[in-house]
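Number of protein chains: 2
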Amino acid sequence: MAKRSDAKQRMVQAARQLIRERGYHATAISDVLERSGAPRGSVYFHFPGGKPQLAVEAAEAHAHEQVQYIDRAAEQADTAAGLVEVYLDLAREGMVNSDYTRGCGIAPLVTEAAQQEAAGVGDTSRRGFSAMTDRLAFHFVDFGLDGASARQLADAVLAGVEGALVTARAQRSPAPFDAVRAIMAGYARAAAPTSAPRRRR
Amino acid sequence: MAKRSDAKQRMVQAARQLIRERGYHATAISDVLERSGAPRGSVYFHFPGGKPQLAVEAAEAHAHEQVQYIDRAAEQADTAAGLVEVYLDLAREGMVNSDYTRGCGIAPLVTEAAQQEAAGVGDTSRRGFSAMTDRLAFHFVDFGLDGASARQLADAVLAGVEGALVTARAQRSPAPFDAVRAIMAGYARAAAPTSAPRRRR
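Protein sequence lines correspond, in order, to chains A and B. Here our numbering is used: the first residue of the first sequence is 1, the next is one more, and so on. Here our numbering is used: the first residue of the second sequence is 1, the next is one more, and so on.
Derived by calculation from the structure, the hints in this document are not laboratory data. Hints may contain errors.
If you only want the chain B side, here are some residues facing chain A, beta carbon under 8 Å, derived [stated by the list, open to error]:
| # | residue |
| --- | --- |
| 1 | Ala-28 |
| 2 | Ile-29 |
| 3 | Asp-31 |
| 4 | Leu-33 |
| 5 | Arg-35 |
| 6 | Gly-37 |
| 7 | Pro-39 |
| 8 | Phe-45 |
| 9 | Gln-76 |
| 10 | Val-110 |
| 11 | Gly-160 |
| 12 | Gly-163 |
Since the structure is predicted, the reported quantities are computational estimates derived from the model, not experimental observations. All residues carry an ideal CB built from backbone N, CA and C; glycine is no exception.
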């Protein structure tokens, strides 16, 4: 059982990598098997819904990891602006370290209209992005922003990161991450009264 | 000749629409023919490079249209902040009017790694995005921003729009456009001295 579950996890991670590199349609089940080293027979055992199910689980894993990154960034930061900066630095680092070959693990499901292939795919991308903005907004409030400003900043940070994952990749330059980082952190600095105590500490 | 050229333009526009709706790989030549009403024989007459060439011309048409939108927004605006607002409103309107079915005409070439299919595709997306940021930065300088601030704002606005085209679509909500608009316009307002004359008028 442990081994089967390992194979499943390896397949989900391989699918996530491939979708980030080449999108949804260009990711074939055979590529996922090759990269994960999982046996062919395991596909429909672990993923009776086939490729759409694999993509849904890959997108969920991606969103889960991003929420963890957001939490880790909030741990390292002392202010809302600091959270913006650390999170943007993580995203920038991932792009540069992949030599501009790896984008978002959720966006391809949206831009390739993968929801037309199977029920539930559209829900997955919506829920994944919502989980990320909700977590960002939660921490921004925690750092002293009012609810409306926190929500606005969270929506803008997610859009900025998602866009930079495309434009930085196309231009092979981290400049879009740096630009989003500077402008969003500036907004956060102005929106959070410096005297506001951080609630949870 | 006029008719042939019409067919070519119709095919480019049909390819652009389809790529915006479903991405690069899911757009088949047969779909482009069906939507454009062009005869099958015209594909390799007008596009000897096949689908990659069609996608490149569609992306170039998309970038060209966006640069026109940026110029039109600059005409309507009196300040850098106004340009940000009008351009974001145009992008938001396009998304809402398409009932959240239409994204960017360039991004799928990047996220689906279409540059691996044919030489020149990667250049097209890089040049398309550069044309847009260059034009935004040009107008921001024209409205009184210094060169570095103008470039930073242009990179951030493009990233914000590209990201909102994904996250707003996934969430079926214009909130990401509104959030990017508010924060970027605020930055523009702070960066442009109100007393600065607009250079070209």
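Going down the list of hints, with the structure as the test:
1. Ala-28: This interface hint is violated because 11 Å lies over the 8 Å limit.
2. Ile-29: violated (15 Å)
3. Asp-31: violated (12 Å)
4. Leu-33: violated (20 Å)
5. Arg-35: violated (15 Å)
6. Gly-37: Result: violated, 22 Å to nearest chain A Cβ.
7. Pro-39: Interface hint status for Pro-39 (chain B): violated (27 Å vs cutoff 8 Å).
8. Phe-45: With a minimum Cβ separation of about 27 Å from chain A (threshold 8 Å), the hint on Phe-45 (chain B) is violated.
9. Gln-76: Violated - the Cβ of Gln-76 (chain B) stays beyond 8 Å from chain A, reaching only about 23 Å at its closest.
10. Val-110: Holds - the Cβ of Val-110 (chain B) comes within 8 Å of chain A, reaching about 5 Å at its closest.
11. Gly-160: holds (5 Å)
12. Gly-163: holds (3 Å)
Violated hints, in rising order: 1, 2, 3, 4, 5, 6, 7, 8 and 9; the structure is consistent with all others.
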